[in-house]
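With chain A held as given, fit chain B onto it using these hints.
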Amino acid sequence: MSDDVRTDIAEAARSFGITPEDYMLPARHLIRIVDQDGTVLSTEEQGAEPGHDYPVPADEDLLEAYRRLVAGRRINDQNSALVRQGRMAVYPSSHGQEACQVAAAACLGEGDWLFPTYRDTVAVISRGVDPVEAMTIFRGDWHGGFDPRQHKVGIQSTPLTTQLLHAVGVAHAARLRGEDTVVVAMCGDGATSEGDFHEALNFAAVFHLPVIFFVQNNQYAISVPLARQTVAPSLAHKAVGYGMAGERVDGNDLVALLAVLERGVRLVRGGAGPLLVEAHTYRIQAHTNADDATRYREDAEVQEWLAKDPVKRMRTYLTDRGLLTEELQSRYEQEAEDIASALREGMNRESTPDPQDLFAHVYSVPTPQLAEQSAMLAEELSREEAS
Amino acid sequence: MTTDTTTPAGAVPGTAAGPAPVTGAGTALETLTIAKAINRALADELAADEKVLLMGEDIGSLGGVYRVTEGLKARFGADRVVDSPLAESGIIGTSIGLALRGYRPVAEIQFDGFVFPGFNQITTQLAKMHARTRGAATVPVTIRIPYGGGIGSIEHHSESPEALFAHTAGLRVITPSNAHDAYWMTRQGIRSQDPVIIFEPKRRYWLKGEVDVSADGHRGVSAFQAQVVREGTDATIAAWGPLVPVALAAANAAAEDGRSIEVIDLRSLSPVDFDALQASVEKTGRMVVTHEAPTFGGLGGEIAARLMERSFLHLEAPILRVGGFHLPYPPSRVEEQYLPDLDRILDAVDRTFAY
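Line by line, the protein sequences give chains A and B. Residue 71 is where the first sequence starts when you use this note's numbering, and the numbers rise one by one after that. Residue 1160 is where the second sequence starts when you use this note's numbering, and the numbers rise one by one after that.
Excised from the complex, chain A in its bound form:
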């Protein structure tokens, strides 16, 4: 190990409030601030290590996050309904994981980047992408519905961990440009088995880049449970091998998620190097509409997680603290309903993707072969139209 790397680790350890030896160890506890019934846990019960400090976000930030949480749940359920009505090809719902979705977007500043998976549509929308544009992929109009550079959001793509390396490259660019960008790179528990997960974490650590790898451990990769992905004590333990700090957080506790991720962003932005955050959550619905979850998990398990619902929990917490009034609640619900209605309208609007567009963007300038094939298709279509 070079002296440079030793110094980096020592400094990183200090910034995380631990010794270099402890820095190489995984987080011992999962961070939870609000219990599943909505009550605030005592500091001792929150799981923080001595020296760690997870300040609870400001009241207005909590309310704003809750507003997005309510919208996120509505977006998930509206999209699932649209699939059932045949208006969309497929929708991988993050129902039950909305707190993770909202927190992943909320912790970022304007210049920061988000690299989502295909299940992270709510995070994409929460980051500011228009809901109908975000759904372009699942409607089958195009393989991407927005400009990643405009929104600083990667395009969702189904190979599991390719986006993690793009995130690391964007962070590398930020370092070279001298910008204080932070990149949040999202993946799930199944994705931690992929080779690119390893390469991304290792590149980020070796180049000491400002990336937070945010793993939503929702317990299943389609049908395969976590036990078939890893026998590590936790996914956060995987950070150790890269010389990176790892943390665990209750993925259904929006307050804890915001506290952990916002602290992470602050440290990473300050030069502490990359960080791995594992959120424990649960995919309440099947993988997609094409999946049958009853074939591989018990209903009792689903019921157990329904009791930990992130939306209900946050609502109780905010109400008990006197922050959330009935009036605010109805306003948030109405706003969520407006988004759902825009989604319905957008998805029900007839659209006819032009097949000629397919040829336009494969290369920056179409090749002669593509020009020829485009003409061939045009001729075929005009013959069909004439007959």
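There's no promise every hint is true.
[Unchecked claim] Simulated DEER-style distance windows between Cβ atoms: (1) A/Ser263 with B/Ala1328: 46 to 56 Å; (2) B/Ala1202 with A/Asp427: 57 to 67 Å; (3) B/Arg1469 with A/Ser263: 45 to 55 Å; (4) B/Pro1477 with A/Ala445: 21 to 31 Å; (5) B/Ala1464 with A/Glu180: 23 to 33 Å; (6) B/His1326 with A/Asp427: 43 to 53 Å; (7) B/Gly1236 with A/Glu455: 56 to 66 Å; (8) B/Lys1367 with A/Gly311: 46 to 56 Å.
[Unchecked claim] Far from chain A, some chain B residues (derived; all Cβ distances over 10 Å): (9) Glu1189; (10) Thr1192; (11) Leu1257; (12) Ala1258; (13) Phe1273; (14) Pro1276; (15) Ile1310; (16) Gly1329; (17) Ala1374; (18) Glu1390; (19) Asp1416; (20) Asp1434; (21) Thr1454; (22) Phe1471.
[Unchecked claim] Keeping only pairs whose Cα atoms sit at most 20 Å apart, straight-line, the calculated DMTMM-like set for lysine to aspartate or glutamate is: (23) B/Lys1232 with B/Asp1217; (24) B/Lys1210 with B/Glu1189; (25) B/Lys1210 with A/Glu249; (26) B/Lys1442 with B/Glu1390; (27) A/Lys378 with A/Asp390; (28) B/Lys1210 with A/Asp390.
Just so you know, these hints were derived from the structure itself, not from any lab. The C-beta atom is built at its ideal place from N, Cα and C for all residues, glycine as well.
Just chain B now, with coordinates in the frame of chain A:
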């Protein structure tokens, strides 16, 4: 719809470059090996554009296992000539991220047989990003891959996987056969707005040639065009990369038998310059396509089929292919029997005259 290879844009596809001006400016000829010509091209692009950076295994202090990047780290610094961890998917995947933020990464894959850990990033991400974003995101990543056999090496160091990449829409695939082309095609590849794979004929790295390094030394020729490297009237041999010198030798030998053979260096494998191939085969009526890769599913088949569609009535004989057998690349002591050589190419030329 406009196209780029029909105009002899000297510079770059995807830019508004028209034909390069024909000026009276003098040439600046230097004699360089192919490896040195690529080194010079990389240096000139690093100097010309601060967003160009190199990434790969052993490319820094060592200068690459073939010394193609020799001296570049010392000159441009470790942030621009980056020794990466030993992970090809990481090299390609992070290059995509860098490109999203305005960089022009030039990735080196150490050997042809080692590109496959990066194949997923290349085919599912790099090749598709521009289309996926309706052109909003360009990813001008260049990937340099030394390829081909004949160097007496062990397994995975002698392969010709170009068809796999040419088959993938969204990639440009080019391969130079001489020092002048190596210099200009590397520079043009780096400047392309599209992802470009440059297959470098490693057994020819030490082949010397004159390189015109003057500002318009490209002479208006795009990296995505084929070139006639020897004119002839009786038959055409189409080749690329390491087999171009073999094709030229075959043409010279045939000349002794009184046959006038034209040789076309394809240079670009995606897109293929079918117009140039068509013009040649309609002139000569006969064609042999040769490549080191197995003929089965190879580019030779695509070229033969396309020219049959375009030029059937001009053909005096079927277009024949001379390529590798459908085998894993053989051990070095029997690679000589595997690789297309002068005799095998001449035999095929003879067969085209037997119809």
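Quick rundown of the hints versus the structure:
no. : hint                                : in the structure
1   : A/Ser263 with B/Ala1328: 46 to 56 Å : violated (29 Å)
2   : B/Ala1202 with A/Asp427: 57 to 67 Å : violated (40 Å)
3   : B/Arg1469 with A/Ser263: 45 to 55 Å : holds (48 Å)
4   : B/Pro1477 with A/Ala445: 21 to 31 Å : holds (28 Å)
5   : B/Ala1464 with A/Glu180: 23 to 33 Å : violated (53 Å)
6   : B/His1326 with A/Asp427: 43 to 53 Å : violated (22 Å)
7   : B/Gly1236 with A/Glu455: 56 to 66 Å : holds (59 Å)
8   : B/Lys1367 with A/Gly311: 46 to 56 Å : holds (48 Å)
9   : Glu1189                             : holds (31 Å)
10  : Thr1192                             : holds (31 Å)
11  : Leu1257                             : violated (4 Å)
12  : Ala1258                             : violated (7 Å)
13  : Phe1273                             : holds (14 Å)
14  : Pro1276                             : violated (7 Å)
15  : Ile1310                             : holds (28 Å)
16  : Gly1329                             : violated (5 Å)
17  : Ala1374                             : holds (23 Å)
18  : Glu1390                             : holds (23 Å)
19  : Asp1416                             : holds (36 Å)
20  : Asp1434                             : violated (7 Å)
21  : Thr1454                             : holds (21 Å)
22  : Phe1471                             : holds (17 Å)
23  : B/Lys1232 with B/Asp1217            : holds (11 Å)
24  : B/Lys1210 with B/Glu1189            : violated (27 Å)
25  : B/Lys1210 with A/Glu249             : holds (15 Å)
26  : B/Lys1442 with B/Glu1390            : holds (11 Å)
27  : A/Lys378 with A/Asp390              : holds (17 Å)
28  : B/Lys1210 with A/Asp390             : violated (54 Å)
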